[in-house]
Amino acid sequence: MKKVLPLVSVLLVLAMFLGACAQTPATEPPAASAEPLRIAVVSPSSINDLAFTQSISDALLVLKAEMGDGLEYAFSENMFVVDDAAAAIRDYATKGYDIVIAHGSQYGSSLQEIAPDFPETVFAWGTTVDTFGMPNVHAYEAASDQGGYVNGVMAGMLTKSKIIGVVGPIETGDAKLYVDGFVAGAKSVDPSIDVRVTYIGSFSDVALAAEAATTHIAAGADILTGSAQMVVGAIGKAEEAGLYWFGTQANQNGFAPKTVVASQVYHWEGILREIIALRAAGTLGGHTFTANLQNGGQVITMNPEVELSAEIKAKVEEVIAGINDGSIVIPKP
Amino acid sequence: MISDLFTTTVIIGIISSGIRLATPYLFASIGEMFGQRSGVLNLGVEGQMLLGAFVAFYVTLNTKNLWLGMLAAMGVGAVMGLAMAFVTVNLHATQGISGIGFYLFGMGMSNLLFQKLVGTVEGVKGFQKISIPLLGKIPVLGEIFFNQNALVYLAFLLVPVAWFVLNKTTLGLKIRAVGENPEAADSLGVSVAGIRYLTVIMGGVFSGIAGASLSIALLNVFQQNMTAGQGFIAVALVYFGSWKPFGILGGALLFSLVNALQLWIQVLGIPIPSELAVMMPYVLTILVLTLSVSKGQGPSALTKVFEREG
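Chains as they are written, first to last, in numbering that gives the first Met the number 0: chain A, 0 to 332; chain B, 0 to 309.
Just chain A, same shape as in the assembly (with noise of 0.2 Å):
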């Protein structure tokens, strides 16, 4: 009994951890007559993350809406441990959901060995531009460069030190796009404008992300920007500091009415429902997907509470419209 005890004691410690962090389905299980479609996802981080776990889970409360009683998902999110996420995968795709999306550029791998296991599986993966080639895998990503493009104009507009400071998580990813699409805007307007890239080497370190900001603010720069979900420590500090932020992925501004002066925000439902289509015309997958500016993947959404000039906000309008008419051109680094 002695030795017994101890060992139940963490199970049952670590079985209420994953009781209470595992799938949480969204919605209850129907007794419609007709089917209801059923889709699962699987991301990294939190649904409220203000950032890329809650850019798609904003477009499922969205197709939930459009949809009701027609629509099933269930979501587990904070599988940031990536062989969790392929037994999650793994496991809706045997539970029978029609799309299983695998949110995290990270599941690739899992999802190529799992895909050709569940022929009738729609598989989705992001971001990302590869489908393996497999007939049942959509690949998606965002052209996040072309709103850090716009983020980048309209702060270069505004920076009176010349200075902006970019907090990065790991250049890599849509990360890494928004940030040199930043830097192109930026200095599309004043190539002598200094913008400083810094990434922290995590996802998740708030306090380190704070510090960069404070670093750069210590420097001299005067507008911020950063990607992913650590960067609410350094709005944080761009608030206090009475700067500008510009944000991305999901919609900062309400976190900091005065400081967060646009945020692109991902809008994955148009692809989702592209997904939708194509599974009831018959195809499964091969499909890769960019949610950009013009698609209405993403928006660039202004914040109300911060006064702009006339002419930048004409700039931005013109920006947006040479992006998607293709006169704009955004140089990669």
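No wet-lab data here; the hints were simulated from the structure.
Please note that the accuracy of each hint is not assured.
Reference excerpt, derived from the structure (chain B facing chain A, CB under 8 Å, subset only) [unchecked claim]:
(1) 12
(2) 14
(3) 62
(4) 118
(5) 186
(6) 190
(7) 192
(8) 220
(9) 256
(10) 258
(11) 263
(12) 266
(13) 277
(14) 307
Now the stretches of chain A that chain B is said to cover, found in silico as 3 or more residues with beta-carbon under 8 Å [stated by the list, open to error]:
(15) 46 to 55
(16) 94 to 104
(17) 123 to 131
(18) 324 to 331
Each computed DMTMM-like pair below joins lysine to aspartate or glutamate, with the alpha-carbon atoms no more than 20 Å apart [claimed, not checked]:
(19) A:257 <-> B:121
(20) B:63 <-> B:121
(21) A:314 <-> A:189
(22) A:161 <-> A:83
(23) A:63 <-> A:34
(24) A:94 <-> A:83
(25) B:128 <-> A:238
(26) A:186 <-> A:310
(27) A:94 <-> A:34
(28) B:115 <-> A:57
(29) A:159 <-> A:189
(30) B:124 <-> A:239
(31) A:175 <-> B:274
(32) B:303 <-> B:185
(33) A:159 <-> A:170
(34) A:159 <-> A:221
(35) A:159 <-> A:239
(36) B:63 <-> A:324
(37) B:124 <-> A:238
(38) A:312 <-> A:324
(39) A:159 <-> A:193
(40) B:303 <-> B:182
C-beta: ideal position from N, C-alpha, C; glycine also.
On the provided structure of chain A, position chain B as indicated by the hints.
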């Protein structure tokens, strides 16, 4: 470019950033040190910090009272410590695995509560900077050392206090005795279980404060998993500091100052890849740890179960 680092702005920036970054480590490591000196290794610090951070944030958000938030964080840390003590002291569970269990519990529970009770990321008004009269006016030094928030001062005050308690009081003697030779301590009438309960609960309280120092003093926000491994670094710093308060202070400052330095290196555009820059504090800490000949071994009874004979 490198010469850019040697300006007053940069040096003030590095040191004041370093001091802020060191604050949660100091609370958590000093707390953990007491547990380890009595023979209990608690790897659950990270979970205690996360729950402490959430509870402090939540209570402050709703009551607007920072000290109430602090108290709540201390309370939840104490409960986590109590549970850890029960599992390891009474049930004789393996300390390492139990600690990991409590870490996972703290992380999961803080996420769950955050989603159910708060729902979205928002800010609170946390502890404000306090400028110490006169001292705060000293050029350069005043700005670095005497213009911080209350918890930063508390963290640094904790170091000499912990040293005094550990080395100059009867309680400290008992803690050390229990950690070095519990059988002997027991035969002299010291309650091994009692001391271990006390130190592990105390460790929980300090971990709770460490979490609160993030969520209601330094950052004034809660985000899931926001401690990002700091609790584990805090445990490592106890080893780094050879189980001594001032050694821990040295380790925490070294790690944090190098972290602040690498941020400045990136901001000033010194051409070092960011991947290498963010590795600097870790690499340097490991280097110092391996190169410094540590004479003081850890407490002899660390991680060992104490069972009374007969």
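Here's how the hints hold up against the structure:
1. Hint status for residue 12 (chain B): holds, given a least beta-carbon distance of 4 Å to chain A, under 8 Å.
2. Given the 8 Å rule on beta carbons, the hint for residue 14 (chain B) is violated: about 11 Å separates it from the nearest Cβ of chain A.
3. Annotation: interface hint on residue 62 (chain B) violated; nearest CB of chain A at approximately 20 Å, more than 8 Å.
4. Satisfaction of the interface hint for residue 118 (chain B) is found here, the shortest Cβ-Cβ separation to chain A being roughly 6 Å, below the 8 Å cut-off.
5. For residue 186 (chain B), the suggested interface contact is broken, since its CB lies about 23 Å from the closest CB of chain A, more than 8 Å.
6. At a threshold of 8 Å, the smallest CB-CB gap from residue 190 (chain B) to chain A is about 20 Å, leaving the interface hint violated.
7. This hint is violated: residue 192 (chain B) has a C-beta 15 Å from the nearest C-beta of chain A, more than the 8 Å allowed.
8. With a cut of 8 Å, the hint placing residue 220 (chain B) at the interface with chain A holds, because the nearest CB-to-CB distance is about 5 Å.
9. Because the smallest distance between the Cβ of residue 256 (chain B) and any Cβ of chain A comes to about 11 Å, over 8 Å, the interface hint for this residue is violated.
10. With its C-beta approaching chain A no nearer than about 7 Å, residue 258 (chain B) sits inside the 8 Å limit, and its interface hint holds.
11. Checking residue 263 (chain B) against chain A: minimum C-beta separation of about 6 Å stays under 8 Å; hint holds.
12. Because the beta carbon of residue 266 (chain B) sits about 5 Å from the nearest beta carbon in chain A, less than 8 Å, this interface hint is met.
13. The beta carbon of residue 277 (chain B) is positioned within 8 Å of a beta carbon in chain A (closest approach about 3 Å), and the interface hint is therefore held.
14. Interface restraint check for residue 307 (chain B): the shortest CB-CB distance to chain A comes to about 13 Å, outside 8 Å, so the restraint is violated.
15. Check on the region 46 to 55 of chain A: 4 of its residues sit with their Cβ under 8 Å from a Cβ of chain B, so the three-residue criterion for coverage holds.
16. Proximity of the region 94 to 104 of chain A to chain B, defined as three or more residues with a beta carbon under 8 Å from a beta carbon of that chain, is not established by the 0 residues found.
17. For the region 123 to 131 of chain A, the stated coverage by chain B is not satisfied: 0 residues place a CB nearer than 8 Å to a CB of that chain, which falls below the threshold of 3.
18. By the rule of at least three residues with a Cβ nearer than 8 Å to a Cβ of chain B, the coverage given for the region 324 to 331 of chain A is violated, with 0 such residues.
19. For the hint linking residue 257 (chain A) to residue 121 (chain B), the alpha-carbon distance of about 14 Å falls within 20 Å, and the restraint holds.
20. Only pairs whose Cα atoms come within 20 Å are accepted, and residue 63 (chain B) paired with residue 121 (chain B) is accepted, the gap being roughly 14 Å.
21. Distance hint between residue 314 (chain A) and residue 189 (chain A) is fulfilled; the C-alpha atoms sit about 14 Å from each other, no more than 20 Å.
22. As the CA atoms of residue 161 (chain A) and residue 83 (chain A) are separated by approximately 45 Å, the hinted pair breaks the 20 Å bound.
23. At most 20 Å may separate the alpha-carbon atoms for a hinted pair to count; residue 63 (chain A) and residue 34 (chain A) meet this at roughly 15 Å.
24. Distance check on the hinted pair: residue 94 (chain A) and residue 83 (chain A) sit about 16 Å apart at the alpha-carbon level, within 20 Å; holds.
25. Taking the CA atoms of residue 128 (chain B) and residue 238 (chain A), the gap is about 15 Å. The hint holds against a cut of 20 Å.
26. For the proposed pair residue 186 (chain A) and residue 310 (chain A), the alpha carbon gap of about 18 Å is at most 20 Å, so the pair holds.
27. For the suggested pair residue 94 (chain A) and residue 34 (chain A), the alpha carbons sit about 15 Å apart, so the restraint of at most 20 Å is met.
28. Distance hint between residue 115 (chain B) and residue 57 (chain A) is fulfilled; the C-alpha atoms sit about 17 Å from each other, no more than 20 Å.
29. A C-alpha spacing of about 12 Å is found between residue 159 (chain A) and residue 189 (chain A), which places the hinted pair at or below 20 Å, so the restraint holds.
30. Proposed proximity of residue 124 (chain B) and residue 239 (chain A) is supported: the alpha carbons are some 11 Å apart, at most 20 Å.
31. Between the alpha carbons of residue 175 (chain A) and residue 274 (chain B) the distance comes to roughly 13 Å, so the proposed pair stays at or under 20 Å and holds.
32. Between residue 303 (chain B) and residue 185 (chain B) the alpha-carbon distance is near 15 Å, which keeps this suggested pair within the 20 Å criterion.
33. For the given pair, residue 159 (chain A) sits about 27 Å from residue 170 (chain A) by alpha-carbon distance, which is inconsistent with the 20 Å threshold.
34. A threshold of 20 Å between alpha carbons decides the hint, and for residue 159 (chain A) with residue 221 (chain A) the separation of about 7 Å falls inside it, so the pair holds.
35. For the hint linking residue 159 (chain A) to residue 239 (chain A), the alpha-carbon distance of about 18 Å falls within 20 Å, and the restraint holds.
36. Among the hinted pairs, residue 63 (chain B) with residue 324 (chain A) is inconsistent with the structure: their alpha-carbon atoms are about 51 Å apart, more than 20 Å.
37. Distance restraint check for residue 124 (chain B) and residue 238 (chain A): the Cα-Cα separation of roughly 12 Å lies within the 20 Å cut-off, and the hinted pair is therefore satisfied.
38. Between residue 312 (chain A) and residue 324 (chain A) the alpha-carbon distance is near 19 Å, which keeps this suggested pair within the 20 Å criterion.
39. Restraint check for residue 159 (chain A) and residue 193 (chain A): satisfied, since their Cα atoms lie roughly 11 Å apart, inside the 20 Å limit.
40. Note on residue 303 (chain B) and residue 182 (chain B): the hinted pairing holds, with a Cα-Cα distance of about 12 Å set against a maximum of 20 Å.
The earlier numbered hints that this structure contradicts are 2, 3, 5, 6, 7, 9, 14, 16, 17, 18, 22, 33, 36.
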